Amino acid sequence: MTTLTEAEAPPPLAPTAPEQKPPRKRGRFTPYWLLLPGILWLIVFFALPMIYQASTSVQQGSLEQGYKVTWHFATYWDAFSEYWPQFLRSVFYAAGATVLCLLLGYPLAYLIAFRAGRWRNLIMVLVIAPFFTSFLIRTLAWKTILADNGPVVHVLNSLHVLDVTNWLGWTAGDRVLATPLAVVCGLTYNFLPFMILPLYTSLERIDGRLHEAAGDLYARPWTTFRKVTFPLSMPGVVSGTLLTFIPAAGDYVNSELLGSTDTRMIGNVIQTQFLRILDYPTAAALSFILMAAILAMVTIYIRRSGTEDLV
Amino acid sequence: MRMEQYEPDRLTPVEVAAIRRSLRSGRAAMTRRSLLRASAGGALAVGGLGALSACGIPAATKTQGGVSADDHSAKERVVNFSNWPEYIDVDDKTKRHPTLDAFARRTGIQVKYTEDINDNDEFFGKIQPQLAAGQDTGRDLVVLTDWLAARMIRLGYVQKLDPSNLPHAFANLSDQFRAPDWDPGRAYSYPWQGISTVIAYNKKALDGIEVKSVSDLLDNPKLKGRVGFLTEMRDSIGMTMLDMGKDPAKFTDDDFDAVIARLQKAVDKGQIRRFTGNDYTSDLSKGDFAACIAWAGDIVQLQADSPDVGYVIPDSGYMTSTDNMLIPNRARHKTNAERLIDFFYEPEPAAELAAYINYVSPVAGVKPYLAKIDKSAADNPLILPDKAMQARSHAFRSLTQKEETAYQQKFSKLTGA
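One line per chain: the protein sequences are V and L, in this order. The working numbering puts the first sequence at residues 167 to 477. The working numbering puts the second sequence at residues 2 to 418.
Rather than coming from a laboratory, the hints here were simulated on the basis of the structure. You may find that some hints are simply not true.
When the alpha-carbon atoms are kept at most 16 angstroms apart in a straight line, the in silico EDC-like pairs for lysine to aspartate or glutamate are as follows [unchecked claim]: (1) L:Lys225 x V:Asp340; (2) L:Lys414 x V:Glu248; (3) L:Lys247 x L:Asp309; (4) L:Lys113 x L:Asp90; (5) L:Lys223 x V:Asp340; (6) L:Lys411 x L:Asp254; (7) L:Lys414 x V:Asp428; (8) L:Lys388 x L:Glu404; (9) V:Lys393 x V:Asp382; (10) L:Lys403 x V:Glu248; (11) L:Lys287 x L:Glu349; (12) L:Lys127 x L:Asp117; (13) L:Lys251 x L:Glu405; (14) L:Lys251 x L:Asp182; (15) L:Lys411 x L:Asp208; (16) V:Lys234 x V:Glu248; (17) L:Lys411 x L:Asp256; (18) L:Lys414 x L:Asp258; (19) L:Lys414 x V:Asp244; (20) L:Lys287 x L:Asp256; (21) L:Lys368 x L:Glu349; (22) L:Lys266 x V:Glu378; (23) L:Lys270 x V:Asp428; (24) L:Lys411 x V:Asp382; (25) L:Lys225 x L:Asp208.
If you want the footprint, here are the derived chain L segments under chain V, 3+ residues with CB under 8 angstroms [to be verified]: (26) 247-253; (27) 265-278; (28) 402-411.
All of these numbers come straight from a predicted model, not from anything done at the bench. Quick reminder that beta carbons are idealized off the backbone N, C-alpha and C, glycines included.
Construct all of the structure, not just a fragment, from the sequences and the given hints.
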């Protein structure tokens with residue numbers, strides 16, 4: 167939005183000189199020309215696909231007869247009433263993963279920003295390093311780590327941790343794989359860097375003198391954190407949670423590989439509808455419902471978090 | 002197999018291959034991104050409602066026999082061949098495909114070989130718009146599994162083959178694959194390889210539990226949460242249907258529903274751990290699956306690395322399917338493609354292929370040639386099924402489009418989505 171208003175604003179008036187007119191005239195359109203690639207990109211890769219999907223979602227037909235727009239909005243309701251459990255599950259899993267990411271990511275980002283010293287760059291590289299491998303391979307690695315006969319599950323079993331998670335319904339039997347816990351862990355792992363990076367940028371910008379000032383005013387470390395550090399890092403928290411929650415809610419790879427039949431998320435449903443059942447309208451409608459739901463949740467969240475800046 | 006060797010957690014090459022072939026593989030990252038893209042913005046685009054009506058997906062062309070383009074075979078001595086990864090012989094040193102080189106030497110036709118089919122559904126999604134619009138897909142030969150081959154023929158997306166270019170193929174096609182109900186005289190398709198679906202197990206994980214049938218998988222409480230089934234509907238349903246004494250070649254809606262109900266019970270009580278694509282191989286070799294429905298070709302390869310893996314063919318029989326070579330509409334080099342099909346039905350190239358990839362060879366009379374290359378492969382019933390084994394093989398009947406949608410719908414419900 168900002169770019170648009172800036173672009174529309176008249177160029178600053180030169181104090182005098184009508185002889186400067188030619189360059190000004192050329193200059194007037196420069197911002198638009200510069201915007202052109204971006205706008206074309208948005209049209210081709212965002213607006214057109216959206217229109218196409220929106221159209222698909224109100225079509226009816228079959229592959230053999232072709233699909234026609236019939237304004238059949240009932241698809242939305244049918245899709246939602248059929249698959250609301252998967253929607254709900256996606257939200258829960260994504261929220262769980264986001265909270266875990268925040269709990270794990272905040273201390274780490276804090277450490278990197280304030281305490282890492284000369285190790286800072288190394289730790290940053292380690293945070294980003296997993297991206298050098300494919301998403302799929304990273305997720306599959308967890309199947310080895312959490313394997314039924316692997317050390318992790320043995321330890322959890324002997325500590326009776328799994329009894330607790332079984333009771334909570336997060337795991338089933340003596341295993342972690344193919345349970346909700348595994349899916350949430352996979353999501354957490356895969357999206358953790360998206361949490362850490364914005365948190366780090368936010369924390370790193372905090373002026374160290376503010377901490378000193380807080381100390382001078384007799385604030386304990388915890389109070390300093392609560393009153394100074396954390397509020398100042400809010401933009402990072404908000405953008406970190408968004409960057410984690412939004413993709414996690416639409417993810418289907420983790421559920422596919424680490425989950426079982428009762429952990430299927432809405433992404434899995436959309437994928438199945440689109441590719442296997444070839445019910446394009448339902449798939450498109452589900453995508454739109456997901457988008458609307460996330461948009462609504464994000465809007466409420468940003469309003470309530472009370473921060474305007476993201477990072 | 003000899004692919005980029007990034008194996009962070011001791012994935013065996015077979016597993017990596019399986020992962021790559023698996024339906025979610027190569028595409029995962031990209032689709033996630035497109036999902037993100039779709040969910041990123043607002044519903045603002047709905048503004049252009051008028052534009053919406055203009056969209057729509059055209060009906061499939063109904064021309065039986067497909068649409069040919071001008072055949073450029075004589076002038077352009079190439080054939081564009083799309084196949085699945087790890088599905089052809091590879092020379093370890095040169096990384097070339099000896100059979101394709103032999104074909105080029107003999108005919109002067111260069112094969113442009115692309116491994117771009119990772120999943121039937123995904124590949125169909127990729128080429129369907131072009132075929133529906135009557136355009137050339139840029140491919141002269143594609144390899145697709147039975148049910149998708151059937152759909153392609155039904156939709157009129159593929160060309161009728163010219164028998165005069167296929168003398169070996171006609172003579173050597175093994176009886177088992179001669180008359181599928183979706184392409185009775187093999188007018189449109191010839192099998193690339195056959196696939197047997199069997200029950201595989203991990204001896205160590207079974208720990209003495211006996212597994213002989215699908216009933217054992219579904220009912221034995223000791224296997225709770227350690228049983229795998231396939232996301233490939235026809236294999237999972239077919240094996241269970243055989244176990245229930247019904248014939249996958251002719252069944253009714255009620256039979257189908259009965260099978261779904263039987264599987265649903267197993268899902269509900271937590272017996273079935275997961276429905277998987279090709280990635281079951283890693284679950285099986287790690288022992289997370291004690292037993293599962295599996296594809297025999299994978300098992301032959303797995304056994305090389307994990308001695309604990311074994312297989313059993315249930316008394317009720319097993320499912321067979323094939324991956325079939327088809328020539329899409331508007332392909333520019335139809336004759337060249339037909340000559341390539343025919344080439345792979347000569348026993349020598351067929352033996353070379355079978356020795357390397359371990360699937361069921363559809364070529365009759367390949368055995369002596371295969372024995373020359375690899376004696377144990379020639380004696381392996383999973384690669385060359387003997388008469389007794391062939392007699393127990395069953396194929397899933399072809400489905401009408403309506404049935405296909407309805408059955409897929411029910412089956413996906415079963416698998417959780």
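Taking the hints in turn, this is what the structure says about them:
1. Restraint check for L:Lys225 and V:Asp340: the C-alpha separation of about 11 angstroms stays at or below 16 angstroms, so the hint holds.
2. Between L:Lys414 and V:Glu248, the direct Cα distance comes to roughly 10 angstroms. Compliance with the 16 angstroms bound is thereby established for this hinted pair.
3. At roughly 32 angstroms between alpha-carbon atoms, L:Lys247 and L:Asp309 are farther apart than 16 angstroms, so this suggested pair is violated.
4. Taking the CA atoms of L:Lys113 and L:Asp90, the gap is near 15 angstroms; set against the 16 angstroms cutoff, the hint holds.
5. Our distance criterion of 16 angstroms between C-alpha atoms is met by L:Lys223 and V:Asp340, whose separation comes to about 13 angstroms.
6. Of the pairs offered as hints, the one joining L:Lys411 and L:Asp254 holds, with about 11 angstroms between alpha carbons and a cut-off of 16 angstroms not exceeded.
7. With a C-alpha separation of about 11 angstroms, the suggested pairing of L:Lys414 with V:Asp428 holds against the 16 angstroms cut-off.
8. The straight-line distance between the Cα atoms of L:Lys388 and L:Glu404 is roughly 33 angstroms, outside the 16 angstroms bound, and the hint therefore fails.
9. A distance of roughly 14 angstroms separates the Cα atoms of V:Lys393 and V:Asp382; the hinted pair therefore holds under the 16 angstroms criterion.
10. Note on L:Lys403 and V:Glu248: the hinted pairing is violated, with a Cα-Cα distance of about 20 angstroms set against a maximum of 16 angstroms.
11. For the hint pairing L:Lys287 with L:Glu349, the CA-to-CA distance comes to about 37 angstroms; that exceeds 16 angstroms, so the pair is violated.
12. For the proposed pair L:Lys127 and L:Asp117, the alpha carbon gap of about 10 angstroms is at most 16 angstroms, so the pair holds.
13. Distance restraint check for L:Lys251 and L:Glu405: the Cα-Cα separation of roughly 14 angstroms lies within the 16 angstroms cut-off, and the hinted pair is therefore satisfied.
14. In summary, the hint linking L:Lys251 to L:Asp182 is supported, as the alpha carbons are separated by about 11 angstroms, within the 16 angstroms threshold.
15. Distance hint between L:Lys411 and L:Asp208 is unfulfilled; the C-alpha atoms sit about 34 angstroms from each other, more than 16 angstroms.
16. For the suggested pair V:Lys234 and V:Glu248, the alpha carbons sit about 23 angstroms apart, so the restraint of at most 16 angstroms is broken.
17. Taking the CA atoms of L:Lys411 and L:Asp256, the gap is about 13 angstroms. The hint holds against a cut of 16 angstroms.
18. With a C-alpha separation of about 12 angstroms, the suggested pair L:Lys414 and L:Asp258 falls inside the 16 angstroms cut-off, and the hint holds.
19. Restraint check: the Cα-Cα separation between L:Lys414 and V:Asp244 comes to about 15 angstroms, which is no more than 16 angstroms; the hinted pair holds.
20. Distance restraint check for L:Lys287 and L:Asp256: the Cα-Cα separation of roughly 35 angstroms exceeds the 16 angstroms cut-off, and the hinted pair is therefore not satisfied.
21. Only pairs whose Cα atoms come within 16 angstroms are accepted, and L:Lys368 paired with L:Glu349 is accepted, the gap being roughly 10 angstroms.
22. For the suggested pair L:Lys266 and V:Glu378, the alpha carbons sit about 65 angstroms apart, so the restraint of at most 16 angstroms is broken.
23. Between L:Lys270 and V:Asp428 the CA atoms are separated by roughly 11 angstroms; this keeps the pair inside 16 angstroms, and the hint holds.
24. Between L:Lys411 and V:Asp382 the alpha-carbon distance is near 68 angstroms, which puts this suggested pair outside the 16 angstroms criterion.
25. The suggested pairing of L:Lys225 with L:Asp208 holds, with an alpha-carbon distance near 14 angstroms, which does not exceed 16 angstroms.
26. Counting residues of the segment 247-253 of chain L whose C-beta lies closer than 8 angstroms to any C-beta of chain V gives 0; at least three are required, and the coverage claim is violated.
27. Counting residues of the segment 265-278 of chain L whose CB falls under 8 angstroms from any CB of chain V gives 6; the rule of at least 3 is met.
28. For a cut-off of 8 angstroms, the count of residues in the segment 402-411 of chain L with a CB near a CB of chain V stands at 4, and the three-residue condition holds.
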